[in-house]
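Once you've looked at the hints, dock chain H against the given chain Z.
Taken in sequence, the protein lines are chains Z and H.
The first sequence begins at 1 in the UniProt record's numbering and counts up by one.
The second sequence begins at 1 in the UniProt record's numbering and counts up by one.
Hints are supplied without guarantee of correctness; some may be wrong.
Each pair may be met inside one copy or between any two copies, as identical chains are not told apart.
Stated by the list, open to error - Taking lysine-lysine pairs in the DSS-like style, the calculated list, with each CA pair at most 25 Å apart, reads: (1) K163 to K264; (2) K40 to K264; (3) K8 to K86; (4) K285 to K264; (5) K44 to K15.
Hints were generated in silico from the structure; no laboratory data involved.
Number of protein chains: 2
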Amino acid sequence: MPQKLTLKKIAQDLKVSISTVSKALRDSHEISVETRDKIKDYAKKYNYKPNNIALSLKNQKTKKIGVIIPEIVHHFFATVISGIEKVANDKGYQVIICLSGESFDKEVVNMDMLANGSIDGFIMSLSKETLERQDYHHLREVLNQGMPIVMFDRAVEGIPCDKIIIDDVAAAQSATEFLLRKGKSKLAIISTVDYVNVGRLRTQGFKEALLKRGIEVSDKDVLKIEDTENSTTIIENFLKDTDYDGIIAVNELFAVTASKALQKLGKSIPDDASIIAFTDGMLSKYASPTLTTIGQKGEDMGGLAAAKLIERLEAPQTIEESYETVIVKTSLVERESTP
Amino acid sequence: MPQKLTLKKIAQDLKVSISTVSKALRDSHEISVETRDKIKDYAKKYNYKPNNIALSLKNQKTKKIGVIIPEIVHHFFATVISGIEKVANDKGYQVIICLSGESFDKEVVNMDMLANGSIDGFIMSLSKETLERQDYHHLREVLNQGMPIVMFDRAVEGIPCDKIIIDDVAAAQSATEFLLRKGKSKLAIISTVDYVNVGRLRTQGFKEALLKRGIEVSDKDVLKIEDTENSTTIIENFLKDTDYDGIIAVNELFAVTASKALQKLGKSIPDDASIIAFTDGMLSKYASPTLTTIGQKGEDMGGLAAAKLIERLEAPQTIEESYETVIVKTSLVERESTP
Numbered sequence: 001m002p003q004k005l006t007l008k009k010i011a012q013d014l015k016v017s018i019s020t021v022s023k024a025l026r027d028s029h030e031i032s033v034e035t036r037d038k039i040k041d042y043a044k045k046y047n048y049k050p051n052n053i054a055l056s057l058k059n060q061k062t063k064k065i066g067v068i069i070p071e072i073v074h075h076f077f078a079t080v081i082s083g084i085e086k087v088a089n090d091k092g093y094q095v096i097i098c099l100s101g102e103s104f105d106k107e108v109v110n111m112d113m114l115a116n117g118s119i120d121g122f123i124m125s126l127s128k129e130t131l132e133r134q135d136y137h138h139l140r141e142v143l144n145q146g147m148p149i150v151m152f153d154r155a156v157e158g159i160p161c162d163k164i165i166i167d168d169v170a171a172a173q174s175a176t177e178f179l180l181r182k183g184k185s186k187l188a189i190i191s192t193v194d195y196v197n198v199g200r201l202r203t204q205g206f207k208e209a210l211l212k213r214g215i216e217v218s219d220k221d222v223l224k225i226e227d228t229e230n231s232t233t234i235i236e237n238f239l240k241d242t243d244y245d246g247i248i249a250v251n252e253l254f255a256v257t258a259s260k261a262l263q264k265l266g267k268s269i270p271d272d273a274s275i276i277a278f279t280d281g282m283l284s285k286y287a288s289p290t291l292t293t294i295g296q297k298g299e300d301m302g303g304l305a306a307a308k309l310i311e312r313l314e315a316p317q318t319i320e321e322s323y324e325t326v327i328v329k330t331s332l333v334e335r336e337s338t339p
Numbered sequence: 001m002p003q004k005l006t007l008k009k010i011a012q013d014l015k016v017s018i019s020t021v022s023k024a025l026r027d028s029h030e031i032s033v034e035t036r037d038k039i040k041d042y043a044k045k046y047n048y049k050p051n052n053i054a055l056s057l058k059n060q061k062t063k064k065i066g067v068i069i070p071e072i073v074h075h076f077f078a079t080v081i082s083g084i085e086k087v088a089n090d091k092g093y094q095v096i097i098c099l100s101g102e103s104f105d106k107e108v109v110n111m112d113m114l115a116n117g118s119i120d121g122f123i124m125s126l127s128k129e130t131l132e133r134q135d136y137h138h139l140r141e142v143l144n145q146g147m148p149i150v151m152f153d154r155a156v157e158g159i160p161c162d163k164i165i166i167d168d169v170a171a172a173q174s175a176t177e178f179l180l181r182k183g184k185s186k187l188a189i190i191s192t193v194d195y196v197n198v199g200r201l202r203t204q205g206f207k208e209a210l211l212k213r214g215i216e217v218s219d220k221d222v223l224k225i226e227d228t229e230n231s232t233t234i235i236e237n238f239l240k241d242t243d244y245d246g247i248i249a250v251n252e253l254f255a256v257t258a259s260k261a262l263q264k265l266g267k268s269i270p271d272d273a274s275i276i277a278f279t280d281g282m283l284s285k286y287a288s289p290t291l292t293t294i295g296q297k298g299e300d301m302g303g304l305a306a307a308k309l310i311e312r313l314e315a316p317q318t319i320e321e322s323y324e325t326v327i328v329k330t331s332l333v334e335r336e337s338t339p
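This is chain Z alone, in the form it adopts within the complex:
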């Protein structure tokens, strides 16, 4: 049985990156003419066919939606999928999920696979590596061929597509103000590295709220975690020998880890230190004490993303293009970790 030639296979055979193959086949000027020709000749020789989306779209709709997310262990993404499934199924669409595993190459390969006639459009949240590289050629390619994309949560500027996001800056601001109103004054934020835009924006909101109240913010009050595997040790070391009385964490895993670390240090929650987490998931509900959270409304976001994509798929074609960014309102869910 002949094996189908894939982007990955071409990359391996020619010892170049998947991204290079993907771009060369689309005549990207980022790739030298020499390399482009080499890759295109190879692809032609072995009969590789890049996406024929425009063609397949003209002929027939698949009534399928492709979803590409970084991972499914985070409760947030699981709730988004639930929201997508509900709306999509109601409207007669099936949902196919692929994981990028936070890898740029996997995102490119999965997108290429699904765009190849399997689905009508994408709902996606970008991988950390894609955000770090700021390489979005795979999104542009799919869009250029007339296949719509809706981005959610980890969305970026400058891509012509609809987006479903929360106002991360405002949400972090209001969480910070909430802690200040409760009498807390020595605050810290546990965040991600800056290229993960939601982490950067939440940190920005935290700083802005403090500055507005005339409270100085030092870089040492911001913990940026890259190595999530070792987040427990990193958070424990960060909190040791500090007197923070309020912590905001950009996800519930960091929040519950901080809560345990503070309790281990003999602090009582919420009296000695209060905690607010982004993402209202299982961990927050079942932690002891239960955690006050900023509900990201994952199910709502998923439902809105699916509705938006289907609306675009079923709309008559227009010459003008306009894209919408929907900002989903967050809400503070008060529990035991704040007074």
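This is chain H only, laid out in the frame that chain Z set:
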């Protein structure tokens, strides 16, 4: 643009169930000749094409694996997916995930969609509704056409395919014996309804371990939860006015709920009552007290399932058929909820 005729659409148009359409198109004797003819005529008229798996397999491999799972909110399924992704990616396969949402119809529809040339083989865990109906025609159909399936966790007897399971009876027995050795004697199990085989088998192991020690087991010591949405209230009511000193729960959500309910009743854990949960996930690690669990090795199970499927996909065809059931060893992860 013409819309592709699907199983679901035919079912809606003819006002019959998806299962009836699926069976009729495969000439099942469960469906009357009259209904079969009606459905087949309609499908023919509108040019519906059922799976052409055998044909597509002969021509070309897709190097893709289809995974159908009931849901992704449970940590266990998320870890299985991680294991599948790792092994599959290593061997050059891509993974496509679809959710049944515990619905028989969605399982049938998703399987039909993926089997239609998108993938080479399936890894799946059955929906609750499929287990309740004991209707496996969609599995048999795919297998008959030469496409392999590997079932994991929620697997059933009598389907000619490889299975990756844990020994639920033995695991529950050893958890029960562990509690007895720790001096606990008034034990209860929080389980699912019987048609979910893992719940039934774990309950069986619990009862057998007690009987072996000459301890009588009453039905009132077994809580079978069907309505998971309201599990908190159900578990609180179950534990009220009892003096159980040991609880085994078939998943970590039930276990952490029981832990909270017991603490609310003024009981100290592990002294007044000890708890053991199936599934070693996030909730167990972050609960207070942390929970002793039976590690189900989700990642190992996923990896084994992927390896088994790929082995079968890449093996030369043989005339004999033999299928393997791999039993993954569980292990007790001791934490604070047991002495």
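Enumerate the violated hints, using their earlier numbering and listing them in ascending order. Those not satisfied are hints 1, 2.
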